[in-house]
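Chemist: Single-letter residue listing:
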Amino acid sequence: MNWFSLSAEEWTAVHLSVRIASVATIASLPFGIAVGVLLARGRFWGKSLLNGLVHLPLILPPVVTGFLLLILFGRRGPLGAFLAENLGIVLSFRWTGAALACAVMGFPLLVRSIRLSVEAVDRGLEDAASTLGASPGWVFMTVTLPLISPGIIAGMILSFAKAMGEFGATITFVSNIPGETQTLSAAIYTFTQVPGGDAGAFKLTIISVIISMAALMASEFMTYLFARKVTSP
Amino acid sequence: MKLVFEARRKLGAFQLDAAFTSEGGVTALFGPSGSGKTSIIRMLTGLAHPDEGRVIFDGDVIVDTTRGISIPKHKRRFGVVFQDNRLFPHLSVRQNLNYGRWFVSKPKNDDSFASIVDLLGLDFLLDRRPINLSGGEKQRVAIGRALLSSPRLLLMDEPLAALDETRKLEILPYLEALRDQMNIPIIYVSHSVTEVARLADKVVVLDNGSVTMAGPVADVLNQPSVSSMQNRKDRGTLIEGKVIQYDIKHRLMTIEFNSHHFFVPGPEISIGKTVRMYILAKDVMLSTVYPEGVSALNILRGEVAIILSNSDGTVDVHIECEGTALVSRITSLSSDRLKLTDGMTVYAIIKTVALESRGP
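The listed protein sequences derive, respectively, from chains A and B. Per our numbering, the first sequence runs over residues 1 to 233. Per our numbering, the second sequence runs over residues 234 to 593.
The calculated DMTMM-like cross-link candidates involving lysine to aspartate or glutamate, where the alpha carbons are at most 20 Å apart (straight line), are:
#1 B:584 / B:525
#2 A:203 / A:9
#3 B:308 / A:126
#4 B:308 / A:127
#5 B:235 / B:293
#6 B:572 / B:536
Read the hints as simulated data drawn from the structure, not as lab findings.
Just chain B, same shape as in the assembly (with noise of 0.2 Å):
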């Protein structure tokens, strides 16, 4: 599977010139409000027309201005989850889920409703009617719907923007199971850090109108250009390690990522696995010798790379610690004591380490 994608549009004083492409798994939009985002899935979908650009599926010419091409939005087969769950207030749970089964010419095999409904928790909400369900099961009976009208491409819109912290964690698993078991492309749009560190295999960054970066997770996302864009506080760096070792009387595996061993708490994962580890800056300490008799388990050493201050008094310290990169952050203060300068060697002692449990 691949898609491409490029557009030119003008909205007012809003100048949209985007272009990405994406391979299969999660591809992931992200950036601040206002960069464009929205729009991108809006002309994907069909909802919104480039002046310029083209959309190309698999081959299949979506869009192409220099053709006059655009295919209708209904032909499409696009499957969209838009951060308001868009359900239909006079259907039930289950018609709702159906809705786009009846338009599909070929239905297939007719237990999708079944493993869907499965997959995603549906089962004791399907007579429902949607007024009658929490934020996070509506958004869970959305992507249900998208996902039941065979779509060869999954759209998805902030889908938790509109949830709080809560509801959040309760959709984010079903998210990730909705990765590892549905064989279907997703482009995730987002503007968290931490649910892109968590679902997305590529990340295309995007401000103002215009792509920024683009690439695989881990190394887009550990871009100071990047981070300084993330929501403050969940600043941090991700890590993709394998397992290596797990200690059942501890119950502590071991992460082997660039001849790094992290040692992270947790239930068992079985050896070989690839996990991701997201740290958060404010989790990491920094000492300017080895420190002796602290709790931490793991205790990087590094070169200072960068020193960014933020407008609260605190800097972000960027460091180099062997091939991986570590974001600490830190009060100015305690930088100005240490006598923080580029290329200075400083231990990170890390306090935890947030662990995203991935599929194979």
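The shape of chain A in the complex, shown without the other chains (with noise of 0.2 Å):
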């Protein structure tokens, strides 16, 4: 076997999970805004049921999460009937149900990075920026939005991180189809059931290093752009 050739389907299962957790991390992005900024900012009822709620993918083992998804969101569940009969979605073994499941499963932690980033940004200079003339929505987008978005960067690198290595809710949401939801897990999973897969997996092992190393040092290098034009001259 060639160590520096991919068959098809290999190139299929790393091109497939790269854009699933991309589709995940971007899809969820204004989503974990929302819901960071309501629960470092909101004073409402339901607020520790609603942080609840956004953690339990964390806690839950994958599997519940997955096929939690499979009831509310197979083509009989509420919420996949009517994706499907109004607006034509549907997520169930397709690849933007396994979006669906690693956005889910990743949406923790992108939301935790991002309150605590909002938690931290001085309210004092939102007054300023107001008493300046600036409506709460341009004080959100001129002050808030790029005080926090160094936690935004790290939400979405930990959010594609968990979407990357994302398994056991998204076999079960979605299954395990070659072509359209094998990730690189279910891929590796996959060679390690079948005798004299394991040269494969081994391949696949080292792409999913790769892919991971590139994304941590893409975070960094983000981070270090970021405290860079705060702090430079």
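Could you use the hints to bring the two separately framed chains together as a complex?
Modeler: In structure tokens, the structure reads:
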């Protein structure tokens, strides 16, 4: 076997993993910011309930989360049926479903990171911006958002990393269909289940190490860029 | 321009119940920490809301609790300079200065940026980040930023309190230039009598949440009850006089006030100009007989009005010199030796006069 070339299926798994993780991270970002700000600033009934709900996937066994997603978003599930009939979106056994599973699993990490950075923002700066004529929306866009951007970047990296490694919820919700829902993790798992698959599993393992390292270094670099922006002359 | 402020607000055990008006110029809110000065600024800006009260600016109702009116803070167009500069760390000095201009619907003449940068000496700082500025520079940028948002009123909440003495002296001239060159009413919060004496036209004295006195700066600051609230070491008397003569050879000007003539050294100031002098109580000596052969130029004859003792073995002797009130700080031993009593005739020997130059 050739160590330096990947089969079509292997490539598909790599490609799919990156696509699912990216879509999951980017699509959950607006919700992550909204919930992070809400939890950091909001004072409303049911705040601890929302907090618990957001963090639930972190504590629940991933299989349970996947099963709950299957019940809710499956073709006959209440939300799944609604989405399929009204918007034509089918999630079960599709790569979009895998992205949803990854987004749900990464969501607590994304929200936590954003929430902490919102809590660290000096409210005095926002007050100053409003006395200078900025409406609440503009204050958020021009002061709060730039100041929490390191937290957003960190949260996105964590969410992306979680999505790359996600296995349990994904395989329960959308199964392990090559070319549609078979991510890197699922492909490695499949290799280990067949005789003589160790070499293929090892190759994909190396690829996943490379992707993870690249993501980590990218996050370090972005943090550095941001820090330089604030401290440089 | 006329600002009317009336508010009642309960904050735990602290009760604020204050009312004052301002007719332009610099109005100082003066009082010790915890007297409610900052609460008033927060209510004017809209960062806090009174339980009951109203704020009216030039007939424009900003707050009226009885009618349920409270204009949102970003629509009040009251520029604020906070004690902690609050510059945006992610923006450069230039972007900080321009921040408020994005939100002005009709930007004023475009040269206002250049003139304010010039007025506050910010030319060399424009491309820096706030983190690389000194405390005094940051505060100057914060003042410029507030001014460039085209405010109708400028609120300054102890803008110098977080700075050390040297930095304060560095900023004060800029504040004076601002007062004299920009045609904008200012509410200036301070607990420092020297700042108030130097900058304000009108003083509103606050104590424990209510206004205890209000009026022109010289009238208010020279009241014994107000001077007892001042920071002990800078207790003194504020005198506003007119320059009537300048002796070029001795670089000495003669300032007239209440038929008294004060001799003050310093650079030439044109005749007829009004100047402010601040005479510290510790710079005034007393003598029961007319002193002969002393170097001091300013000697005033007066009568002891009241003697107030301090806790540290000194007394503050308030003297009435033909309409001019002076305070002298001497030791209680000297007071006993001189047998000072109310109504006694004394000579006040003024060692130094701090001159606060004043615009036209």
